[in-house]
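Participant: Residue numbers (our numbering), protein chains in the order written: chain A, 1 to 339; chain B, 1 to 339; chain C, 1 to 339.
There may be inaccurate statements among the hints.
Unchecked claim - Stretch by stretch, here's where chain C covers chain A in the computed footprint (C-beta under 8 angstroms, at least three residues):
# : region
1 : 22-36
2 : 111-123
3 : 165-179
4 : 257-267
Said to hold, decoys possible - In silico contact screen, one side only, chain A against chain B (beta carbon under 8 angstroms); selected entries:
# : residue
5 : Phe78
6 : Ser87
7 : Arg97
8 : Leu99
9 : Met224
Said to hold, decoys possible - Straight-line C-alpha distance at most 30 angstroms; calculated DSS-like pairs for lysine-lysine:
#  : chain 1 : residue 1 : chain 2 : residue 2
10 : A       : Lys309    : A       : Lys284
11 : A       : Lys176    : B       : Lys321
12 : A       : Lys176    : A       : Lys244
13 : A       : Lys309    : C       : Lys176
14 : B       : Lys42     : C       : Lys321
15 : C       : Lys321    : C       : Lys259
16 : B       : Lys42     : C       : Lys176
17 : C       : Lys176    : A       : Lys321
18 : B       : Lys176    : C       : Lys321
19 : C       : Lys176    : C       : Lys244
20 : B       : Lys309    : B       : Lys295
21 : A       : Lys42     : B       : Lys176
22 : B       : Lys259    : B       : Lys309
23 : C       : Lys42     : A       : Lys42
24 : B       : Lys244    : B       : Lys309
For the record, the hints were derived by calculation from the structure and aren't laboratory data. Predicted model, so just to flag it, every value in this text is computed and none were measured. We put the beta carbon where it would ideally sit given N, CA and C, even for glycine.
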Amino acid sequence: QTSVSVAGVIDTYVGSLKYSGDSGRTSVVNSSGMTTSWIGFKGSEDLGNGLNANFKLTSFFRSDTGASGRFNEGETLFSRDANVGLSGSFGAVSLGRDLAPNFLPSTLFNPFGGSFKLSPLMLHMDVPRFNASGWTNSVAGDTGWSNEIIYTTPNFAGLKANLHYQFGEVAGNTGKNNVGANLLYFHGPLGLTAYYQRVQVNNPLEVSPNNVQPTTNIPLPSGMMAARQSAWFVGGSYDLTIAKLFATYDQTSHDIDLKDQTVQLGASIPVGAGAILASWANTKREGAAIGASLKRNTASLGYDYNVSKRTDLYAVYMYDKITDQTVGNSMALGIRHRF
Amino acid sequence: QTSVSVAGVIDTYVGSLKYSGDSGRTSVVNSSGMTTSWIGFKGSEDLGNGLNANFKLTSFFRSDTGASGRFNEGETLFSRDANVGLSGSFGAVSLGRDLAPNFLPSTLFNPFGGSFKLSPLMLHMDVPRFNASGWTNSVAGDTGWSNEIIYTTPNFAGLKANLHYQFGEVAGNTGKNNVGANLLYFHGPLGLTAYYQRVQVNNPLEVSPNNVQPTTNIPLPSGMMAARQSAWFVGGSYDLTIAKLFATYDQTSHDIDLKDQTVQLGASIPVGAGAILASWANTKREGAAIGASLKRNTASLGYDYNVSKRTDLYAVYMYDKITDQTVGNSMALGIRHRF
Amino acid sequence: QTSVSVAGVIDTYVGSLKYSGDSGRTSVVNSSGMTTSWIGFKGSEDLGNGLNANFKLTSFFRSDTGASGRFNEGETLFSRDANVGLSGSFGAVSLGRDLAPNFLPSTLFNPFGGSFKLSPLMLHMDVPRFNASGWTNSVAGDTGWSNEIIYTTPNFAGLKANLHYQFGEVAGNTGKNNVGANLLYFHGPLGLTAYYQRVQVNNPLEVSPNNVQPTTNIPLPSGMMAARQSAWFVGGSYDLTIAKLFATYDQTSHDIDLKDQTVQLGASIPVGAGAILASWANTKREGAAIGASLKRNTASLGYDYNVSKRTDLYAVYMYDKITDQTVGNSMALGIRHRF
Numbered sequence: 001q002t003s004v005s006v007a008g009v010i011d012t013y014v015g016s017l018k019y020s021g022d023s024g025r026t027s028v029v030n031s032s033g034m035t036t037s038w039i040g041f042k043g044s045e046d047l048g049n050g051l052n053a054n055f056k057l058t059s060f061f062r063s064d065t066g067a068s069g070r071f072n073e074g075e076t077l078f079s080r081d082a083n084v085g086l087s088g089s090f091g092a093v094s095l096g097r098d099l100a101p102n103f104l105p106s107t108l109f110n111p112f113g114g115s116f117k118l119s120p121l122m123l124h125m126d127v128p129r130f131n132a133s134g135w136t137n138s139v140a141g142d143t144g145w146s147n148e149i150i151y152t153t154p155n156f157a158g159l160k161a162n163l164h165y166q167f168g169e170v171a172g173n174t175g176k177n178n179v180g181a182n183l184l185y186f187h188g189p190l191g192l193t194a195y196y197q198r199v200q201v202n203n204p205l206e207v208s209p210n211n212v213q214p215t216t217n218i219p220l221p222s223g224m225m226a227a228r229q230s231a232w233f234v235g236g237s238y239d240l241t242i243a244k245l246f247a248t249y250d251q252t253s254h255d256i257d258l259k260d261q262t263v264q265l266g267a268s269i270p271v272g273a274g275a276i277l278a279s280w281a282n283t284k285r286e287g288a289a290i291g292a293s294l295k296r297n298t299a300s301l302g303y304d305y306n307v308s309k310r311t312d313l314y315a316v317y318m319y320d321k322i323t324d325q326t327v328g329n330s331m332a333l334g335i336r337h338r339f
Numbered sequence: 001q002t003s004v005s006v007a008g009v010i011d012t013y014v015g016s017l018k019y020s021g022d023s024g025r026t027s028v029v030n031s032s033g034m035t036t037s038w039i040g041f042k043g044s045e046d047l048g049n050g051l052n053a054n055f056k057l058t059s060f061f062r063s064d065t066g067a068s069g070r071f072n073e074g075e076t077l078f079s080r081d082a083n084v085g086l087s088g089s090f091g092a093v094s095l096g097r098d099l100a101p102n103f104l105p106s107t108l109f110n111p112f113g114g115s116f117k118l119s120p121l122m123l124h125m126d127v128p129r130f131n132a133s134g135w136t137n138s139v140a141g142d143t144g145w146s147n148e149i150i151y152t153t154p155n156f157a158g159l160k161a162n163l164h165y166q167f168g169e170v171a172g173n174t175g176k177n178n179v180g181a182n183l184l185y186f187h188g189p190l191g192l193t194a195y196y197q198r199v200q201v202n203n204p205l206e207v208s209p210n211n212v213q214p215t216t217n218i219p220l221p222s223g224m225m226a227a228r229q230s231a232w233f234v235g236g237s238y239d240l241t242i243a244k245l246f247a248t249y250d251q252t253s254h255d256i257d258l259k260d261q262t263v264q265l266g267a268s269i270p271v272g273a274g275a276i277l278a279s280w281a282n283t284k285r286e287g288a289a290i291g292a293s294l295k296r297n298t299a300s301l302g303y304d305y306n307v308s309k310r311t312d313l314y315a316v317y318m319y320d321k322i323t324d325q326t327v328g329n330s331m332a333l334g335i336r337h338r339f
Numbered sequence: 001q002t003s004v005s006v007a008g009v010i011d012t013y014v015g016s017l018k019y020s021g022d023s024g025r026t027s028v029v030n031s032s033g034m035t036t037s038w039i040g041f042k043g044s045e046d047l048g049n050g051l052n053a054n055f056k057l058t059s060f061f062r063s064d065t066g067a068s069g070r071f072n073e074g075e076t077l078f079s080r081d082a083n084v085g086l087s088g089s090f091g092a093v094s095l096g097r098d099l100a101p102n103f104l105p106s107t108l109f110n111p112f113g114g115s116f117k118l119s120p121l122m123l124h125m126d127v128p129r130f131n132a133s134g135w136t137n138s139v140a141g142d143t144g145w146s147n148e149i150i151y152t153t154p155n156f157a158g159l160k161a162n163l164h165y166q167f168g169e170v171a172g173n174t175g176k177n178n179v180g181a182n183l184l185y186f187h188g189p190l191g192l193t194a195y196y197q198r199v200q201v202n203n204p205l206e207v208s209p210n211n212v213q214p215t216t217n218i219p220l221p222s223g224m225m226a227a228r229q230s231a232w233f234v235g236g237s238y239d240l241t242i243a244k245l246f247a248t249y250d251q252t253s254h255d256i257d258l259k260d261q262t263v264q265l266g267a268s269i270p271v272g273a274g275a276i277l278a279s280w281a282n283t284k285r286e287g288a289a290i291g292a293s294l295k296r297n298t299a300s301l302g303y304d305y306n307v308s309k310r311t312d313l314y315a316v317y318m319y320d321k322i323t324d325q326t327v328g329n330s331m332a333l334g335i336r337h338r339f
């Protein structure tokens, strides 16, 4: 049978790492410098009349140790995708574990894409830091949702929308769930995007039934716990040929007094068989829940060299600073192979 | 090399669920409405003279979250199959994790097949309920056995038998093990089956070395613990073309005073590109181990529509009632895709 | 896409087992009699000019229960290989989880190869025994290392070397790491090998940051803990056509008073479509850390019959004796299938 294919990305780097808040520097062989390493199975069946049945079963893994998932606790075997659905002229419907509304707008509109290690935007939005800084990801509910229904519209002259609904699956309480939507528009050199999401269920690991945001795992110093987060995001890109420029802005608010605003600017400049990548993100965090307001500034500069269409080598330097914390600066030299 | 193939089933449904004993109703995207979702690897090598070497490595998973296995505790990575063996004119021998004697007779002789969510027979025999009802599966030892040897006879004019032996692997005690056998006969419109098994080792998770049955995880109210269960089962099916009819009867007894009897009747009625499915099961549970005797009545009615040979859509309503417990009724609307 | 292939080995045996120190005999269906069962994904991309990008993602598993890994605690999903790298005229570089320096010299220079169940050499070097003997593996740091860089030289007239470095990844402490190298020489009937390694990081599970060796999990009776082990090994093989002969010697020492010396002699004698395999290993363990010195003598004798190039059947008897412990003797009858 040719009804299933195996695909994935393995991305590993040698690095010297110090994030803002770290007391020491660490030398590592680590996973997922530019793309979170994954492997999995996909298939599509032609049902006639333009209708298709589709499925994806894909797993994140760590290419330095072989561990399953992105982190140790709370990840499922198929942590990236576990979905099945139908697509056709009406658009597409997917059931199961799939993308959250925030994923495509944020990864497609910064030059470091879906790098949760080196992209300033992704680090601010999605990655908690278990060091002295106690940095919590600004956007709640993970970048993938379980128990989800997604409806994707057909493509209208470059414009596409995704509607997301995640069941909370609490007996006798249908009010606890996640909802969101995003828009993606691509026309010639121009790209535009927006998303909105309201999160009440944390993913993939919910520490307590009430605790949603912004902490996945790190408690707020005030002891306050959020049960709901609203987030919205806008972004644009323009390809000038000599450089592709990116800009994004997002804001989150909660049922407690806590608010984040993030600006990101970036550029990708083709040079030789690769591109120079540069991105800067600034987040302002404020509200009674954290006491004195914080700022975080992160900037990355790198060169990504394409050895082939499927394999690239990258070298990246990253600066990172959070109010009152040690300065971080990190270097990474890696290889990414698609299969 | 073409010595290994990837295959599986992904089955996901949207449902509104209330089993007997549940206090509230739950809205869900869940896995495995009609078939337990699985994926895995298989291969067969022709050794000449009609002899083949065969292996299977397959995993259950939950298509709503991507989690491995059927449930959270005690499942291995290849929870469905991990076996290798030889087949030829003598029949077949398999070593490792494979089917238990009870699986084929019960799933082939009810119209909802191997559905552990919607088939009344499978729910009574194999699925504990962690709600107020404290329902324990009537048949002990799981539907798959580890550390097992199976011998399968050749097919004699439609008749085939499987002999199963599971090592308990207790040092210095070869007496603790599971044994069983089943018969399957198919000839024209008629099908007949029977199985017997004696279980002393629980699968896949043995809570205590003495506790076998019927509780996998739920203690009997009396505090009594069974160390041995005997189960026997007979079933038949007849295809009238306008409908295929099913009937089964099984009985379990223990080394303590506890006994279950289950009757199941069912029909599958071809309509359009699919079939109407109906099945009813009644279990009577009695003995000093549980105090007052119990009855459970469960009935399911559904329509299963084949979009293609590999993909079907289903809609099922299920009624469920256990003595002294709340009435359950559930609806499920799902998609099953084979690859 | 033909960029990834699936491969593996499934090896299962029926056995009656008693190791030295066991009080009773156990009847089993067990995994990995001759080769540790594994399955995984591999790929290689031609980048031109003799350069290739290569990756491997492979998992050990237990073919008797379907469990992931070689043992229950501390194993990752891709416990065998999780690496990516480049190869060309310069040799090869690999990043991630891959072989330790000790693996190839020990498995290629004993007649039972990589059998961690029946090869006397591998049992002495690599397998702790959780019975009355408290036997701890003489060689620390596992047979695979995570967070590793390997450089492999080109083949110089039959001679090849591998240089291994494993990052300890301790913040602010680059001194804690593993290093090693091995040599492999094959020319006509002659094979020669050597390795040296210095281990400070245990694999895959480090019980405590200070405890390295020789105990993976079993504490030394004296309560002393080693933080560093040095091991060296030499071996040779010669193929006389009527028999292939093997001899190895290895020695380990520690930062505490503890020393192991192991001698192994073996032969593989072609008979019919298979070979008679015989191997004997003797380890002398001494030092203040264990009190009175110990000896372990283990000998295995078997016949390995090739049903085809990919499938073999084996029968092995093993004798095992540790000073002051019960005598062990075990029998195994198994099937190994490569795919």
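Participant: Each hint needs a verdict: does it hold in this structure or not?
Facilitator: Hints, one by one, checked against the model:
1. 22-36: holds (count 10)
2. 111-123: violated (count 0)
3. 165-179: It is violated, with 0 qualifying residues against the three required.
4. 257-267: It is violated: at least three residues are needed, and the region 257-267 of chain A offers just 0 whose Cβ sits closer than 8 angstroms to chain C.
5. Phe78: Since the shortest Cβ distance to chain B is 3 angstroms, the answer is holds.
6. Ser87: violated (12 angstroms)
7. Arg97: holds (5 angstroms)
8. Leu99: Nearest chain B Cβ about 13 angstroms off; hint violated.
9. Met224: violated (29 angstroms)
10. Lys309(A) / Lys284(A): violated (38 angstroms)
11. Lys176(A) / Lys321(B): holds (28 angstroms)
12. Lys176(A) / Lys244(A): violated (40 angstroms)
13. Lys309(A) / Lys176(C): violated (38 angstroms)
14. Lys42(B) / Lys321(C): violated (40 angstroms)
15. Lys321(C) / Lys259(C): With Cα atoms ~19 angstroms apart, Lys321(C) and Lys259(C) stay inside 30 angstroms; holds.
16. Lys42(B) / Lys176(C): At roughly 43 angstroms apart (the allowed maximum being 30 angstroms), Lys176(C) and Lys42(B) break the hint.
17. Lys176(C) / Lys321(A): Measuring from Cα to Cα gives roughly 28 angstroms; hence the hint holds.
18. Lys176(B) / Lys321(C): Distance of about 28 angstroms is within 30 angstroms: holds.
19. Lys176(C) / Lys244(C): Distance of about 41 angstroms is beyond 30 angstroms: violated.
20. Lys309(B) / Lys295(B): violated (39 angstroms)
21. Lys42(A) / Lys176(B): Violated: Lys42(A) and Lys176(B) sit about 43 angstroms apart, past 30 angstroms.
22. Lys259(B) / Lys309(B): Outside the cut-off at roughly 41 angstroms; violated.
23. Lys42(C) / Lys42(A): Since the Cα atoms of Lys42(C) and Lys42(A) sit roughly 17 angstroms apart, the hinted pair holds (cutoff 30 angstroms).
24. Lys244(B) / Lys309(B): holds (19 angstroms)
Of the numbered hints listed earlier, those contradicted by the structure are 2, 3, 4, 6, 8, 9, 10, 12, 13, 14, 16, 19, 20, 21, 22.
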